[in-house]
Amino acid sequence: GESVGLHLPTLSVQEGDNSIINCAYSNSASDYFIWYKQESGKGPQFIIDIRSNMDKRQGQRVTVLLNKTVKHLSLQIAATQPGDSAVYFCAENTLIIHGAQKLVFGQGTRLTINP
Amino acid sequence: ETGVTQTPRHLVMGMTNKKSLKCEQHLGHNAMYWYKQSAKKPLELMFVYSLEERVENNSVPSRFSPECPNSSHLFLHLHTLQPEDSALYLCASSQARTSYYEQYFGPGTRLTVT
Chain W
1 GESVGLHLPT LSVQEGDNSI INCAYSNSAS DYFIWYKQES GKGPQFIIDI
51 RSNMDKRQGQ RVTVLLNKTV KHLSLQIAAT QPGDSAVYFC AENTLIIHGA
101 QKLVFGQGTR LTINP
Chain G
1 ETGVTQTPRH LVMGMTNKKS LKCEQHLGHN AMYWYKQSAK KPLELMFVYS
51 LEERVENNSV PSRFSPECPN SSHLFLHLHT LQPEDSALYL CASSQARTSY
101 YEQYFGPGTR LTVT
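Protein chains in written order, with the working numbering: chain W, 1 to 115; chain G, 1 to 114.
By construction, these hints were calculated from the structure, which means they are not laboratory data. These numbers come from a predicted model, not from an experiment. Ideal Cβ placement from N, Cα and C applies to all residues, glycine included. Careful: at least some of the hints might be erroneous.
Claimed, not checked - If you want a taste of the chain G side facing chain W, the calculated C-beta under 7 Å gives, among others:
(1) 43
(2) 46
(3) 50
(4) 51
(5) 56
(6) 97
(7) 100
The following block holds chain W by itself, in its conformation from the complex:
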């Protein structure tokens, strides 16, 4: 069945260091994945996405890696800043009827940046 899961619920890193957040998914037919960031008191905010025909995608200070062989997704954040402290979710996105989309979220990893 569909499930998207995260390996670790919490992660602490020193400011300026790089962080890696991991995610496993079970649906081998999944075609599109998204990483969201959720700060306290706010809704999830899009960070970066990747399609199944790619292995890697880079944004500003963030990189997403996709390993379809082992159904694993990771989010790398470079040179972390205090504002990166948040909960990070991976999500699997599926197109459903009439162009709407269905997101299946992982449990989330709380990233804390220590000064």
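Using the hints provided, position chain G relative to the given structure of chain W.
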């Protein structure tokens, strides 16, 4: 701000009350979504509307009743809720097209059922 607003931001209600959550998007999107976020569960999709038609209902109890009067507004009507329904209810919107588009989330309504 994401262009998706939700009211109220906080709501406390008894199990016999009836209340409604409101969501409004100012992005020109035509698909809208309700999600439930509990403390120890992943975000769960509840309902999906596309072009004002309900296209997904994820086995949600009938005490939750969605309404989408137009592409900019989405409501979640609540009645005879249970304490386990206490959660953060998030609304999102996106373009409804044949390719993937980002969903934009509102800040959520924190619901407490007493």
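Status of each hint after checking the structure:
no. : hint : in the structure
1   : 43   : holds (4 Å)
2   : 46   : violated (11 Å)
3   : 50   : holds (4 Å)
4   : 51   : holds (6 Å)
5   : 56   : holds (6 Å)
6   : 97   : holds (5 Å)
7   : 100  : holds (5 Å)
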